Amino acid sequence: MTDVRAAAASGGPVPAPLPMAIPKAQFDWRPLALLAAVAAIGLPLIGSPSTWVTLTMAGLAMGLIIFIIASGLTLVFGLMDVLNFGHGVFIAFGAYVAVSVMGGLGAWVGAPSLGLNLAAVALAMGAAMLVAGGIGYAFERIVVRPVYGQHLKQILITMGGMIVGEELIKVIWGPQQQALPLPEMLRGAFLLGDAAVEKYRVLAVLIGLVVLAALLWVLNRTKVGLLVRAGVQDREMVESLGYRIERLFIGVFVTGSALAGLGGVMWGLYQQTVTPLIGAQVNVLIFIVIIIGGLGSTLGCFVGALLVGLMANYTGFLAPKVALFSNIGLMVAILLWRPKGLYPVTNR
Amino acid sequence: MIRRLLSHDLPRSRWLALALLLIVVGLAVAPFVFPGSKALGVAAKMLVFIVLVASYDLLLGYTGIVSFAHTMFFGIGAYGVAVASTRLGEGVAAVVIGVAVALLISLALSLLIGLFSLRVKAIFYAMITLAVAAAFQTLASQLSDVTGGEDGLTFKNPAWLSPSFEPFETPLFGVTVDGKIFTYYLLFFAAALLFLLLLRIVNSPFGRVLQAIRENDFRAEALGIRTVVYRTLSNVLSALFACAAGALLALWLRYTGPDTTLSLEIMLDILLIVVIGGMGTLYGAVIGSVLFVLAQNYLQDLLRFGATALEGVPVFSNIVSPDRWLLWLGVLFVLSVYHFPSGIVGRLRALTHQRRPPT
Numbered sequence: 001m002t003d004v005r006a007a008a009a010s011g012g013p014v015p016a017p018l019p020m021a022i023p024k025a026q027f028d029w030r031p032l033a034l035l036a037a038v039a040a041i042g043l044p045l046i047g048s049p050s051t052w053v054t055l056t057m058a059g060l061a062m063g064l065i066i067f068i069i070a071s072g073l074t075l076v077f078g079l080m081d082v083l084n085f086g087h088g089v090f091i092a093f094g095a096y097v098a099v100s101v102m103g104g105l106g107a108w109v110g111a112p113s114l115g116l117n118l119a120a121v122a123l124a125m126g127a128a129m130l131v132a133g134g135i136g137y138a139f140e141r142i143v144v145r146p147v148y149g150q151h152l153k154q155i156l157i158t159m160g161g162m163i164v165g166e167e168l169i170k171v172i173w174g175p176q177q178q179a180l181p182l183p184e185m186l187r188g189a190f191l192l193g194d195a196a197v198e199k200y201r202v203l204a205v206l207i208g209l210v211v212l213a214a215l216l217w218v219l220n221r222t223k224v225g226l227l228v229r230a231g232v233q234d235r236e237m238v239e240s241l242g243y244r245i246e247r248l249f250i251g252v253f254v255t256g257s258a259l260a261g262l263g264g265v266m267w268g269l270y271q272q273t274v275t276p277l278i279g280a281q282v283n284v285l286i287f288i289v290i291i292i293g294g295l296g297s298t299l300g301c302f303v304g305a306l307l308v309g310l311m312a313n314y315t316g317f318l319a320p321k322v323a324l325f326s327n328i329g330l331m332v333a334i335l336l337w338r339p340k341g342l343y344p345v346t347n348r
Numbered sequence: 001m002i003r004r005l006l007s008h009d010l011p012r013s014r015w016l017a018l019a020l021l022l023i024v025v026g027l028a029v030a031p032f033v034f035p036g037s038k039a040l041g042v043a044a045k046m047l048v049f050i051v052l053v054a055s056y057d058l059l060l061g062y063t064g065i066v067s068f069a070h071t072m073f074f075g076i077g078a079y080g081v082a083v084a085s086t087r088l089g090e091g092v093a094a095v096v097i098g099v100a101v102a103l104l105i106s107l108a109l110s111l112l113i114g115l116f117s118l119r120v121k122a123i124f125y126a127m128i129t130l131a132v133a134a135a136f137q138t139l140a141s142q143l144s145d146v147t148g149g150e151d152g153l154t155f156k157n158p159a160w161l162s163p164s165f166e167p168f169e170t171p172l173f174g175v176t177v178d179g180k181i182f183t184y185y186l187l188f189f190a191a192a193l194l195f196l197l198l199l200r201i202v203n204s205p206f207g208r209v210l211q212a213i214r215e216n217d218f219r220a221e222a223l224g225i226r227t228v229v230y231r232t233l234s235n236v237l238s239a240l241f242a243c244a245a246g247a248l249l250a251l252w253l254r255y256t257g258p259d260t261t262l263s264l265e266i267m268l269d270i271l272l273i274v275v276i277g278g279m280g281t282l283y284g285a286v287i288g289s290v291l292f293v294l295a296q297n298y299l300q301d302l303l304r305f306g307a308t309a310l311e312g313v314p315v316f317s318n319i320v321s322p323d324r325w326l327l328w329l330g331v332l333f334v335l336s337v338y339h340f341p342s343g344i345v346g347r348l349r350a351l352t353h354q355r356r357p358p359t
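Protein chains in written order, with the numbering used here: chain A, 1 to 348; chain B, 1 to 359.
A hint or two may mislead.
When the alpha-carbon atoms are kept at most 20 Å apart in a straight line, the in silico DMTMM-like pairs for lysine to aspartate or glutamate are as follows [stated by the list, open to error]: (1) B:K156 to B:D145; (2) B:K45 to B:E215; (3) A:K321 to B:D145; (4) A:K153 to B:D259; (5) A:K153 to B:E215; (6) A:K321 to B:E265; (7) B:K156 to B:E166; (8) A:K223 to A:D194; (9) A:K170 to B:E265.
Keep in mind the hints are simulated off the structure, nothing from the lab. Please read these numbers as outputs of a predicted model, since none were measured by experiment.
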């Protein structure tokens, strides 16, 4: 340092400073610790370890399904600043498409072969993602595009879009509840000692982890993902660097709605019935999740979804009457700790 | 005198004034001109919705806060009257106590929710109120020993408001005057009073500050206005008026349940009416409520007519079926957000002002 100052003082050329190692950003482990803490606190409160294992598995499965649905929504808000209160419509369409597909593949669903069952479920998921993605594209063009930038109108219009979507579902499939039974080999549970872990929940956790891994890989290791993350931080800058950010928006919106369709299929199989109100019911939960996680952050959405899933299952067992309030209480507590959510990404 | 009554907030459009006059006169003479219990029920519902939507317009149109917890306060008012009448026995005392307790609970809750809006921004606030309202609805159906659960509470009104009370033996203008008519006029005068009170509030310096906060809250803060205080006050006032509307509905229906007051459908209806009528103009609440309640009750008849005409056509008959009237209302909603950005009232005012030659 003194040579630099000496060189500058003497008026001569200043040598370039020595390259110092750029300090790595510290990974924020506290929210993950919170997640582990909630799971750990559950054990003494519940009492028996086997029940705890069952409930935790159920919580993880539910949480991962909600994560699949909410991940699209948080990216859409983070990148496009679009408040989509009608995300539930993609969930509902996904679930109903699954009803049709699995109803049509009744032979595969009823067969005692894991391969055929999984194939039927995979086909249902694929079809649901396609249909939900297509509807997402239409939704973006017709409902969302004219109101970019006006939050109030976005809230109103997307809610209106959800009403129209729900009514269209009633027109096509009828207003009554429809059953979505699990395939033959996915019923029942594994027995780990005393704890019963449902087979479907294990499948849901696996699929959820695959989606999480795929999302994190795309966001962190591909150029498209880099653009999405950059756009979430500063949209105008990305635009000024010459990238067609509108195409990116449409892509993210369609992907988000396809993911919601997938989540709808899984939620429908989790509940084993679908009603036209399925979208509105899950809507509240996904909003709580993305607020807890921080708008725009995928990891935050993941942690938030798992927290919500665990809380819902633990309180559903311990004190069923306060189940929904417990999630709101969790949201309030986290907002008091971090007003922008667990992993705030955007500066909005 | 009319100017002072309307707090100097005149319709400013002869079409709007005409429409409002028609509505007021129609509602005033409804029991005698539109006989039948359905028509009277429609008129009473219009009155309740006018107060409810006007109070929401105070929050959304004048302060710019989107809140989905409005039906919660509506429900608190209705349940207050219902629980008091069921627990304390019917009578004026029970109703008064019920309304007072409901107002206090609404005050406390709205204060809490309003102060919480300190920490979070507008989008968060909307989502939080959505979650709180959903949770409250679940709570109401779960505390079944107090609230009657999913079945709700049926109760009797005070003696002079119940349908069996018939003071005059001869029919007046062809209609037998009974307690139902008295209840209707109680609703009418209460709704008129509450609406005029709301007009007074929005046309006062307080109302001006709310509009300033809506337009640019940073600037309002820079001018020295404590936006938190005003936002919370707006929240509280809006909740109190919604609570009063709930009490009126309970008195009319003599029944309260989670579906009649707390459901998300009602919240969406309120949003629809505010947007279609015109945000930021209380008259929009009047026009919108009347049109909406008429549509809700008579559009189905219109659709039924269309359905019988298209019977047999596979998909279209389903779309025009009277059960799917909400679909058409949703489409109308989306269209009106695009084409009527200032609602019907805005359109009517623009229509009138277009005719004046430019000075």
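If you draw a straight line from the CA of K156 of chain B to the CA of E166 of chain B, is it 20 Å or shorter?
holds, 16 Å
For K45 of chain B and E215 of chain B, compute the direct alpha-carbon distance and say whether it is at most 20 Å.
The given pair, whose Cα atoms are some 33 Å apart, is violated under the 20 Å limit.
Does the alpha-carbon distance linking K170 of chain A and E265 of chain B stay inside the 20 Å limit?
holds, 16 Å
Do the alpha carbons of K321 of chain A and D145 of chain B lie within 20 Å of each other, as the hint requires?
Roughly 13 Å between the alpha carbons, so the hint for K321 of chain A and D145 of chain B holds.
Pairwise hint evaluation, D194 of chain A against K223 of chain A, where the allowed Cα distance is 20 Å at most:
Between K223 of chain A and D194 of chain A the Cα gap is close to 47 Å, so the pair fails against 20 Å, i.e. violated.
Does the structure keep K321 of chain A and E265 of chain B at a Cα separation of 20 Å or less?
Violated, because 23 Å separates the two Cα atoms, which is more than 20 Å.
Against the 20 Å threshold, does the CA-CA distance of K153 of chain A and D259 of chain B hold or violate the hint?
violated, 27 Å
If you draw a straight line from the CA of K156 of chain B to the CA of D145 of chain B, is it 20 Å or shorter?
holds, 18 Å
Given the proposed pairing of K153 of chain A with E215 of chain B, does the C-alpha separation stay at or below 20 Å?
Distance ~15 Å between K153 of chain A and E215 of chain B Cα, so the pair holds.
Checked against the numbered hints listed earlier, the structure breaks hints 2, 4, 6 and 8; every other hint is satisfied.
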